[in-house]
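Working from the sequences, and respecting the hints, build out all of it.
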Amino acid sequence: MTTRKLRECLTAFNVWCIAFGGVIGWGSIVMPGTTFLKRGGTMGTLIAMEIAAFIMLIISYNYAYMIKKFPESGGQFIFAQKAFGKTHGFICAWFLGLCYIMIIPMNATALCLIFRALSERSIFQYGFHYTVAGYDIYTGEVILALSSLAVFAFISCRGIKAAGFVQSLFVIILLAGILIFLGASLFSPATDSSKLHPMFYPEDSTHGNALVQIISILVIAPWMYAGFDTVPQLSEESKFPIQRSKFIMDTSILCGCFVYVALTLIAASGIPEGYENWVSYVNDIPNLKGYHGIASFAAAFNVLGNPGIFIISVTALMAMLTGILGFYTATSRLLYSLARDDMLPSWFGNLNGNCVPSNAVKFCMLVSAFAPFMGRNALAWTVDMSSIGGAVSFGYTSLAALHFARAEKRTDIMIFGITGFIFSFMFAFFLLVPVSGLDCSLELPSYVLLLIWIIIGAELFSRMKKEI
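The working numbering puts the first residue of the sequence shown at 14, with every later residue one more than the last.
If you're looking for bench data, these hints aren't it; they were derived computationally from the structure.
Certain hints may be false.
To be verified - Derived pair list, reagent style DSSO-like, types lysine-lysine, alpha-carbon separation capped at 27 Å: (1) 208 <-> 259; (2) 259 <-> 81; (3) 422 <-> 81.
Unchecked claim - Label-pair restraints from in silico Cβ distances: (4) 210 <-> 142: 35 to 43 Å; (5) 464 <-> 438: 15 to 23 Å; (6) 21 <-> 438: 31 to 39 Å; (7) 457 <-> 192: 36 to 44 Å; (8) 319 <-> 143: 31 to 39 Å; (9) 254 <-> 425: 16 to 24 Å.
Even glycine gets a Cβ: it sits at the ideal position worked out from N, Cα and C.
Written out as structure tokens, the structure reads:
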């Protein structure tokens, strides 16, 4: 393996932008109408998001404690390995890798939704097309997604300083777009608070009571807030005091919560004309085309007209691109750390002339390149899978904090460690185990894909153990 080392180039703002960009991603723009309102309504989303943010703040306390002890690239993998050995370290890393790497193609394929929102037929809906899980896949949109994956893999390989600069620039534009949209919405007659009713989705055969609806959103919190936990992956490349890591993680969580809630409430209160309330609108979204098919776009048009469509389009573009670049960076550092500790082939740990694990970046690009051919509906199966991966890494980090805190007799860390593990276990439990009255467990394809991922990991680990 090369003797090069990772470079300390990232400022605190660069790392915050990577974390915040990871938290926001495409979900904040697309999911208010397709998921959040349909699962929990306005109040259910508000409550679930705030509870989830509170839980993430507890877990980030454990992260901050562990980062101070082991400020190394690899983060959660290093934490679990130092506390419980190589086997547990690999299990944690393998599930975390599932969480991280799935988010990259989800953001890349979401780019086509922006262009579909701009007209009833996107300029990229051309060429040979076919349908997977009810979603039409066009050659042009596949090329768009693959191009974005290639471009940002190239930027990632140019060096962490370049990636940090581009990420920070995109996040500044993203924040500007969000603030303009929110400010205009507050003073626009098009957004009426009376439209926020009903506060929960009307209870029926597929939607339970208020508590059920809150839980159905809460269980995907590890996916929604994935991003804040990229901070430990960047420890070796950060040039600021490591004590600032907690502030970076906490503020990325809180800002992410605010954006998720605000965009969902605006989407509900700014529905197009002709609908009685947001319930009738979100039920009709699958039948709509153009900007009406994405709730945040429809609200932007109602608030600002065509300029609003431009602003939300740029904002959505920045959200998706920051998700791609941020998780390229985080995932490649995780793979690099695994290779450095002989848990993956040394090929993954090779650093190029810019001191970037470029082979790991290329691997992420190649794995993600299969996704555009599957379509958005099929990829939706990976959202809950990503939540499982996040929950496992949260649980391991919390247990590692508890492990070291017991030796140091740190009561505060012990309490946070136990609490963080309990919440992490609950996330995984509700996703993996079907519970009567709750419709939040994995779908059958997700179980199959998760099983395949576990089998691949077990086989890889077995082979690597033989070579050590």
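Results for each hint:
no., hint, result
1, 208 <-> 259, "violated, 38 Å"
2, 259 <-> 81, "holds, 10 Å"
3, 422 <-> 81, "holds, 17 Å"
4, 210 <-> 142: 35 to 43 Å, "holds, 40 Å"
5, 464 <-> 438: 15 to 23 Å, "holds, 20 Å"
6, 21 <-> 438: 31 to 39 Å, "holds, 36 Å"
7, 457 <-> 192: 36 to 44 Å, "holds, 42 Å"
8, 319 <-> 143: 31 to 39 Å, "holds, 33 Å"
9, 254 <-> 425: 16 to 24 Å, "holds, 21 Å"
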